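Undergrad: Sequence:
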Amino acid sequence: MNARTAALLAQLAQRPLLCDGATGTQLQGLGLAPGACGELWNTQFPERVRSVHRRYFEAGADLLTTNTFGGTACVLESHGVAGRVHELSYAAARLAREIAGERAWVLGDMGPFGGMLEPLGETPVETVAAAFREQAEALLAGGADAILVETMSDPAEAAVAVRAAKAAGADLVVATFTFQKTTVGYRTMMGTTAAAAVAAALEAGADIVGANCGTDLSLPDYELLTAELVAAADGKPVIVQPNAGSPKLVDGQVSYAESAAEFAESAPRFLAAGARIVGGCCGSTPAHIAAIAARLTST
Numbered sequence: 001m002n003a004r005t006a007a008l009l010a011q012l013a014q015r016p017l018l019c020d021g022a023t024g025t026q027l028q029g030l031g032l033a034p035g036a037c038g039e040l041w042n043t044q045f046p047e048r049v050r051s052v053h054r055r056y057f058e059a060g061a062d063l064l065t066t067n068t069f070g071g072t073a074c075v076l077e078s079h080g081v082a083g084r085v086h087e088l089s090y091a092a093a094r095l096a097r098e099i100a101g102e103r104a105w106v107l108g109d110m111g112p113f114g115g116m117l118e119p120l121g122e123t124p125v126e127t128v129a130a131a132f133r134e135q136a137e138a139l140l141a142g143g144a145d146a147i148l149v150e151t152m153s154d155p156a157e158a159a160v161a162v163r164a165a166k167a168a169g170a171d172l173v174v175a176t177f178t179f180q181k182t183t184v185g186y187r188t189m190m191g192t193t194a195a196a197a198v199a200a201a202l203e204a205g206a207d208i209v210g211a212n213c214g215t216d217l218s219l220p221d222y223e224l225l226t227a228e229l230v231a232a233a234d235g236k237p238v239i240v241q242p243n244a245g246s247p248k249l250v251d252g253q254v255s256y257a258e259s260a261a262e263f264a265e266s267a268p269r270f271l272a273a274g275a276r277i278v279g280g281c282c283g284s285t286p287a288h289i290a291a292i293a294a295r296l297t298s299t
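Quick note on our numbering: the sequence shown kicks off at 1 and runs consecutively.
If you are wondering where the hints come from, they were derived from the structure by calculation, not from laboratory data. Be aware that a few hints might be false.
As the list claims (entries may be wrong) - Per label pair, the in silico range of CB-to-CB distance:
no., residue 1, residue 2, range
1, Ala272, Leu30, 34 to 40 Å
2, Met116, Thr215, 37 to 43 Å
3, Ala7, Ser218, 33 to 39 Å
4, Ala141, Leu224, 16 to 22 Å
5, Glu126, Ser51, 34 to 40 Å
6, Gln180, Gly121, 31 to 37 Å
7, Glu122, Thr182, 36 to 42 Å
8, Gly121, Ser298, 30 to 36 Å
9, Val125, Ala7, 17 to 23 Å
10, Gln28, Ala261, 21 to 27 Å
11, Glu77, Ser298, 46 to 52 Å
12, Ala3, Thr182, 39 to 45 Å
13, Leu120, Ser78, 39 to 45 Å
14, Thr183, Ala3, 37 to 43 Å
If you're wondering where the values come from, they're calculated on a predicted model, not measured in any experiment. Heads up, the beta-carbon is just placed ideally off N, CA and C, and yes, glycines get one too.
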């Protein structure tokens with residue numbers, strides 16, 4: 001295990017860590033068109049991407065997430081740039097690394113590949129595994145301290161991504177799922193329970209597990225979900241990154257209702273439920289992260 005990863009785990013054993021918040025909505029505020037390829041900004045507008053990382057760093061984030069959510073060849077193909085995986089993910093990791101310095105750590109972000117694995121879908125597991133490994137190798141080469149496999153609904157896809165990251169040389173892999181509230185409890189879009197999702201990630205080699213994003217989940221819902229995740233995690237650290245409320249269209253713009261203060265109020269409850277890392281997802285801003293940092297410092 002490399003020294004930076006060891007230092008991250010040592011800090012995590014001593015105190016809760018704070019992750020950053022949303023990247024996509026921040027970039028849209030800087031001019032990224034909805035549906036456009038945000039990963040291209042890592043080389044086209046590096047200072048804009050760097051500025052997002054800087055804001056979260058200054059807000060107190062311990063963990064900065066690379067701008068590579070849709071960075072696999074599978075996703076980039078839809079933008080006509082499937083051949084630029086290494087270039088874009090490497091550049092993204094370098095940008096985050098520049099801001100993180102020695103105080104913070106960089107999570108190399110890998111989101112869903114955008115399809116369904118065989119036999120439910122038409123995409124071979126080998127194709128997806130190769131795509132995730134290619135991206136993970138580029139992120140690690142660029143300076144990522146760990147790989148974040150996030151917003152997963154299919155535990156099989158999450159397992160493929162975790163194994164690919166480990167095969168690429170990642171010492172530390174974080175795996176998070178997205179859940180929705182149903183009549184029978186919290187489930188992923190595939191109908192998977194928190195316990196089953198966590199079990200699949202751990203069996204594949206994940207070192208930290210948790211939840212991010214989520215459909216129509218309130219902050220109290222995330223608190224209950226956190227307890228389920230912790231119970232299933234078998235002693236592994238748990239990360240929770242809620243949305244800042246459910247998105248609503250106001251005057252043609254997507255907005256999120258949870259204020260920074262409301263967001264911060266929930267952080268101690270997530271920690272009380274057993275989470276070791278807290279942060280934000282869609283709609284969260286540097287102000288949300290700064291509010292959590294202030295709250296954690298005062299408790």
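Undergrad: Quick check: which numbered hints come out false for this structure?
TA: Checked against the structure, the hints that fail are numbers 2, 4, 6, 7, 8, 9, 13 and 14, while the rest are satisfied.
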